[in-house]
Amino acid sequence: MNQYSNEPEDNGQGELAADSPAGATGWGGEIGGVLLLVLSVIFMVGGWQLGLGVPTRLGTGAFPFATGAVLAVLALAIVIAERKGDGLAERPDWIGLLAISASLAVFAIVVDRLGLVPGVFATVVVASLPDRNLSLRGKALLGIIVALGCWGVFIELLNLPIKPFLEF
Amino acid sequence: MDILANFSQGLLVVLQPENLMYCFIGVFLGTFIGVLPGIGSMAAIAMILPITFYLDPTPALVMIAGVFYGAEYGGSTASILLNVPGTPAASITAIEGHQLAKKGRAGVALFSTATASFGGGIIGMVVIALLSPFLAKLALSFAPADYFAVILLGLIAASAVSNGGALKGIAMVITGLMLGTIGIDLTTGVTRFTMGVPELRDGIHIVIVAMGLFGVGEVIASIRATRSGTATQTVDYSDFYPSKKEWKSLFAPILRGGAIGSFIGALPGTGQTIAAALAYAVEKRVSPQRKDFGTGVVPGVAVPEAANNSATQTAFIPTLTLGVPGSPPMAIVIGALMIYGITPGPRLLTEQPDMFWGLVASFLVGNIMLLILNVPLIGIWVRLLNIPYKYMYPTIIVLICMGVYSLNNNVFDIWLTLVIGVVGYVMRLFRFEPAPLLLGFVLGPMMEEHLRRTMLLSRGDPMVFVTRPISATLLAITALIIVFALYSTARTHRRALAARLGSSRKEQPNEL
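Residue numbers (our numbering), protein chains in the order written: chain Z, 616 to 783; chain U, 5 to 516.
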């Protein structure tokens, strides 16, 4: 996985790809348009089912239906433009995406079951996993510091009704 | 002078210890987050928003505004020292600023930034104080059709100039409008698109949308970019103050930049980046030093910075007098006000004078604080830039989680943030900008309501939009913007394609 190591991308545009988010490497740009098209159809169908009403009294579904219809046209135009144009999307940083998503999920799961302090600790450790420059001990230490900091600020200082630890 | 009396009234409000404290916290945190590369003012405001819910509306608004201009300010520090703009508008400052830094004159660049920012901020503040009462009076004669038109104009203007091109920008606005319909329809009481999830009945909270799109999305996007480590630059204090000649060369650019910035900032849908870019372009033509532009000149740093900061302040004009935010950060301000039950609009000035004039006066106080924070204390921010990102981003993720969780103490909100964050990241990959989406999301319900009222008042006749002079004018401008934006997008598209095919035969796009 070359997103993980910091090697230059292999298409001769490596520097651009590493430095700027605009660095595009072989991905179908039209997929974005297709996804929007799907979304627009969902809202059009949903709007239709909710009822469009009459012009004097617009129904619950009128606005979603109308915006969905406009979006459908735009999405089609995007698909066409992308097919005609360079049509490339940036390659995703899977590791970063996975780690950050997992860290939020861990927060949601752990805070509910074990409490704030273990939740924050686990979130920090998971979020920092893709970082090779930080040792495991460093990650744990950072986790402890941030967890204690959150306890101090959010529970002691701001009095949020969250328990630092839960019994299970 | 009526305005002077109002202003001094506002000054009394902001000088209350509580407001003063939150103003300071705002500009401090804003600078702090703005200095961090990759995290812009939008993420900064989104992260601060949950905290402000514990405050009264006035200190909350003062604090949000402080975070906003503090972050825009801090962005320039990072862009001068590292050439990594902390905020998009700061990339214009970086053109000359980083050249100066490379010449070993980073101190002078930072000092000019501080001065210009202050000057621009004060110009912007004066413009608000003079223009807002006038505009609010005008807005009192607005009918629902006119509001609909002005919202549409704001949305289109803001999205048509987005980086990914007009088509994608407008598509994002529409997507935002659609997502804004999720939850109970306030007119009919019917729930829409909640998929049976009770937590979605009240709609998606603006904090969740903003944190997901800007917080989570930006962190994922910036991990790779900043994994390569940070460059270090030391600021030489002996070379901090500009020479006498440079001092003199600062004055006119600040006035010009401030004037351009406050004009652009007050227009719906423009924002700081355009203000800074335009002011820089103008200065490049009129400056006596125009030949040296691009090599690192002091006026070249001052102009975009003055324009940026004055635009940041005047962006509040349409937001507070019409209730129509011209830019995504202002959309958050509107969202926050509505959470307090305050409807921004022409009546805000007369009904909440303390809040309005307190905010205006807080720009003066906040800019003085920024000057203090950034001239004698610049060393702190330079040192902050040296903290590796590896310590920063896990902490930012935790702050996002805490902010979202504190809304309802419900982990459902965290899961929702996760989903929106991933969507926001994927959008970036396809070069869809999240900012127009947020703008549409906030304005959607307002737009729908004005549309319904208009249709009710006109007994179902849509022609009212083109027969009322105000709305007809606004819609005509909107149409012009669309035509122009689509034309210029198509042109740059063709050029980019031609350049691509011409220069890089060896790497053909693989799906063609």
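If you are wondering where the hints come from, they were derived from the structure by calculation, not from laboratory data.
Glycine is no exception: its CB is placed at the ideal position from the N, C-alpha and C atoms.
Fair warning: there could be bad hints in the mix.
Which stretches of chain Z does chain U cover? Using the computed rule of at least three CB atoms under 8 Å from a CB of chain U, they are [said to hold, decoys possible]:
| hint | segment |
| --- | --- |
| 1 | 687 to 694 |
| 2 | 722 to 730 |
Have a look at the derived ranges for each label pair, beta carbon to beta carbon [claimed, not checked]:
| hint | chain 1 | residue 1 | chain 2 | residue 2 | range |
| --- | --- | --- | --- | --- | --- |
| 3 | Z | LEU713 | U | GLY464 | 48 to 54 Å |
| 4 | U | LEU16 | Z | VAL649 | 39 to 45 Å |
| 5 | U | TYR344 | Z | ALA755 | 37 to 43 Å |
| 6 | Z | GLY666 | U | MET467 | 51 to 57 Å |
| 7 | Z | LEU691 | U | TYR491 | 15 to 21 Å |
| 8 | U | LEU388 | Z | SER750 | 18 to 24 Å |
If you want the footprint, here are the derived chain Z segments under chain U, 3+ residues with CB under 8 Å [said to hold, decoys possible]:
| hint | segment |
| --- | --- |
| 9 | 652 to 665 |
| 10 | 670 to 682 |
| 11 | 741 to 751 |
| 12 | 767 to 779 |
Hint by hint, here is what the structure shows:
{"no.": "1", "hint": "687 to 694", "result": "holds (count 4)"}
{"no.": "2", "hint": "722 to 730", "result": "holds (count 5)"}
{"no.": "3", "hint": "Z:LEU713 / U:GLY464: 48 to 54 Å", "result": "52 Å, holds"}
{"no.": "4", "hint": "U:LEU16 / Z:VAL649: 39 to 45 Å", "result": "57 Å, violated"}
{"no.": "5", "hint": "U:TYR344 / Z:ALA755: 37 to 43 Å", "result": "41 Å, holds"}
{"no.": "6", "hint": "Z:GLY666 / U:MET467: 51 to 57 Å", "result": "24 Å, violated"}
{"no.": "7", "hint": "Z:LEU691 / U:TYR491: 15 to 21 Å", "result": "19 Å, holds"}
{"no.": "8", "hint": "U:LEU388 / Z:SER750: 18 to 24 Å", "result": "23 Å, holds"}
{"no.": "9", "hint": "652 to 665", "result": "holds (count 5)"}
{"no.": "10", "hint": "670 to 682", "result": "holds (count 10)"}
{"no.": "11", "hint": "741 to 751", "result": "holds (count 6)"}
{"no.": "12", "hint": "767 to 779", "result": "holds (count 5)"}
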